[in-house]
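Novice: Taken in sequence, the protein lines are chains A and B.
Once you know that position 155 of the first sequence is 154 in numbering that gives the first Met the number 0, the rest is easy, because the numbers rise by one and skip nothing.
Once you know that position 67 of the second sequence is 66 in numbering that gives the first Met the number 0, the rest is easy, because the numbers rise by one and skip nothing.
Hints may contain errors.
Heads up, simulated DSBU-like pairs for lysine-lysine below, C-alpha to C-alpha not over 35 Å straight-line [what the hints assert, rightly or not]:
#	chain 1	residue 1	chain 2	residue 2
1	B	Lys194	A	Lys54
2	A	Lys54	A	Lys165
3	B	Lys177	A	Lys54
Computed far set for chain B versus chain A, every beta-carbon distance over 12 Å [to be verified]:
#	residue
4	Gly48
5	Thr160
6	Ser188
7	Val195
8	Gln199
9	Gly326
Please keep in mind that the hints were generated in silico from the structure rather than gathered at the bench.
Computed from a prediction, not measured in an experiment: that's the story for all the values here.
Every residue gets a Cβ at the ideal spot worked out from N, C-alpha and C, and that includes glycine.
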Amino acid sequence: MQFTPPLARLIEHFQRFPGVGPKSAQRMAFFVLGMNKEDVGKFADALVDAKERVKHCSRCYHLSAQDPCEICMSERREPLIICVVADSKDVIALERTREFKGRYHVLTGLISPLEGKGPDQLSIRELLNRVHSDGIKEVILAINPTIEGDATVLYLNNLLKPLGPKITRIAFGLPMGSDLEYADDVTLSRAMEGRREV
Amino acid sequence: MLVKKLTITNFRNYKQESVLFCQDRNVIIGENAQGKTNLLEAIEYASRGRSYRTSTESELIYRGEDFAVVEVDFVARDYDQKIQIIVRKKTDGGKTASGGQKSEKQIKVNGVPKGNTRGLKGHLVTVGFKSQDMSLIRGGPADRRDWIDDIASMLSAGYKTLLSRYEKAVTQRNRLLKTFFERGHLTGSDIDELKVWDQQLATMGASIIKHRVRCLAEALPIAQSYQEKISGSREKLTAQYYFHVSSAEERRFDDDESGEESEPSVSMENSDLLAMEEREIALRLMQLFKQRRSDEIMRRQTLSGPHRDDVRFSIDESDATAFGSQGQQRSLVLALKLSELKMVSEHLGEPPVLMLDDVMAELDLRRQGFLMESVHRDMQTLITTTHLDGFEKEWLTGATLISVVNGHVDKSERLLPI
Ligand SMILES: [Zn+2]
Numbered sequence: 000m001q002f003t004p005p006l007a008r009l010i011e012h013f014q015r016f017p018g019v020g021p022k023s024a025q026r027m028a029f030f031v032l033g034m035n036k037e038d039v040g041k042f043a044d045a046l047v048d049a050k051e052r053v054k055h056c057s058r059c060y061h062l063s064a065q066d067p068c069e070i071c072m073s074e075r076r077e078p079l080i081i082c083v084v085a086d087s088k089d090v091i092a093l094e095r096t097r098e099f100k101g102r103y104h105v106l107t108g109l110i111s112p113l114e115g116k117g118p119d120q121l122s123i124r125e126l127l128n129r130v131h132s133d134g135i136k137e138v139i140l141a142i143n144p145t146i147e148g149d150a151t152v153l154y155l156n157n158l159l160k161p162l163g164p165k166i167t168r169i170a171f172g173l174p175m176g177s178d179l180e181y182a183d184d185v186t187l188s189r190a191m192e193g194r195r196e197v
Numbered sequence: 000m001l002v003k004k005l006t007i008t009n010f011r012n013y014k015q016e017s018v019l020f021c022q023d024r025n026v027i028i029g030e031n032a033q034g035k036t037n038l039l040e041a042i043e044y045a046s047r048g049r050s051y052r053t054s055t056e057s058e059l060i061y062r063g064e065d066f067a068v069v070e071v072d073f074v075a076r077d078y079d080q081k082i083q084i085i086v087r088k089k090t091d092g093g094k095t096a097s098g099g100q101k102s103e104k105q106i107k108v109n110g111v112p113k114g115n116t117r118g119l120k121g122h123l124v125t126v127g128f129k130s131q132d133m134s135l136i137r138g139g140p141a142d143r144r145d146w147i148d149d150i151a152s153m154l155s156a157g158y159k160t161l162l163s164r165y166e167k168a169v170t171q172r173n174r175l176l177k178t179f180f181e182r183g184h185l186t187g188s189d190i191d192e193l194k195v196w197d198q199q200l201a202t203m204g205a206s207i208i209k210h211r212v213r214c215l216a217e218a219l220p221i222a223q224s225y226q227e228k229i230s231g232s233r234e235k236l237t238a239q240y241y242f243h244v245s246s247a248e249e250r251r252f253d254d255d256e257s258g259e260e261s262e263p264s265v266s267m268e269n270s271d272l273l274a275m276e277e278r279e280i281a282l283r284l285m286q287l288f289k290q291r292r293s294d295e296i297m298r299r300q301t302l303s304g305p306h307r308d309d310v311r312f313s314i315d316e317s318d319a320t321a322f323g324s325q326g327q328q329r330s331l332v333l334a335l336k337l338s339e340l341k342m343v344s345e346h347l348g349e350p351p352v353l354m355l356d357d358v359m360a361e362l363d364l365r366r367q368g369f370l371m372e373s374v375h376r377d378m379q380t381l382i383t384t385t386h387l388d389g390f391e392k393e394w395l396t397g398a399t400l401i402s403v404v405n406g407h408v409d410k411s412e413r414l415l416p417i
């Protein structure tokens, strides 16, 4: 005995979400059935609304309902420093620190042949154009130290260098409040590389 | 290091068994296929979290059961410790790449759950010598790479991570080569992209090679002195590092039929390579990538780099794999394994547990005698055998004899002086 088609279809949709298995998908679908009709309507509207209105900013590729996005439009932002990140979630994370006052460039991914992502699938050409035509002084690469992240950094560095800006990569090290003794070897050696004077 | 007790449930052909070991010589005796090696396998499994006999861990579980438990009580760094591993068949029934049933395991060291097999590292250290070890000389490049990588990851804490990052980068690069192959033509930006992976592989590869070369340089003099003692003559033992093996050699071991004949192998004396800077090695790798680019795209594979390298041993400047006599090859394997044992002991500050699986069959009486003599008296030794002929009376006196019959320890007794 299977679930009645409208319910089965809903479960299948949830199951396509990343990290959602058959059991969680069932739970979510049952939750939807338990919601009142008005809330279900709002949920459906939110899905369609987000899909229709959220777009990549045409300058920095950050996800926004405005184009150019709020950050690109802000007068208070230092225009000649760009922080390059893999995706919009990283922009939000960095914004929470309130440390960075420049603008961003979202690559929309990292170089990864296994996922079919090469430089042409990312917003790299657009970054080079920006750096060139806006006369960017500094490019900060805030990219994870994974194999794919390292490859992307090497690629960007090879192409950005001839354009003349200062290129830096954020330091990776130990999480605050953590213990040297429990850090893994790669984290420790990266932290060693990124050491600075006190 | 000392294994005091092994307790296994539903492991291989054992339903439930508990075996006590004495602190020095333990002889596990029984007919073939009774489960002698399974006991050593269980201990090695607790030590490394994987079995050298299978990559499908559900095979470790007794037929018809859903789980297996291995528990080892041991003494290391002067205190009582315990490793427990539970392997369970996965109920949602996926298959592994090789078609076996998927499984998952839970690891606890001294009661503390560990997320992965890395958590086992350095707790219980064993060095094994089994008849398959002859592949160190007679087998393919992968056998020798595995041997040296094992030692290197023991001597350097970051080596394993380095290797796995390197392997990921090779997988990425191979996929890129495949894309190029399918597209049939290369643009300038393709070359730029490939270069990035070349750079990554060259940097990590050079570091891997440097680790391996240092390891070999440490092992060689020790192995040479063993070799001299075994053979009773002065023979010079050297190692050559092969930057890549020729296609013909690769085919011998890889069943990879696609390759064209290409340039011959490039090798260097280990001692020369030791003197080279890591940066120079990286440049060399970059050159190799460049030279073989079209070949690599044709074959959709990264053909140079430490995942393809080989180490060959020479006795008096003649290649042991190609020209050594069987006797010489056996002596050399014994000498290399003993040098590994010595390096591990020095590194740990105490002897590891030595496990000898049916090696007596592989060694003649004189070499057996040498092996027994070289094994430190205060090193715990677990040895499997089908019979006691060939063991020195003196060596057996005081040893614990564990008889195994059909997945069961029949009896365990201490041999008294006769
Ligand atoms: Zn923007």
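Novice: For a quick check of understanding: which of the numbered hints are violated here, in increasing order?
Specialist: 5, 6, 7 and 8
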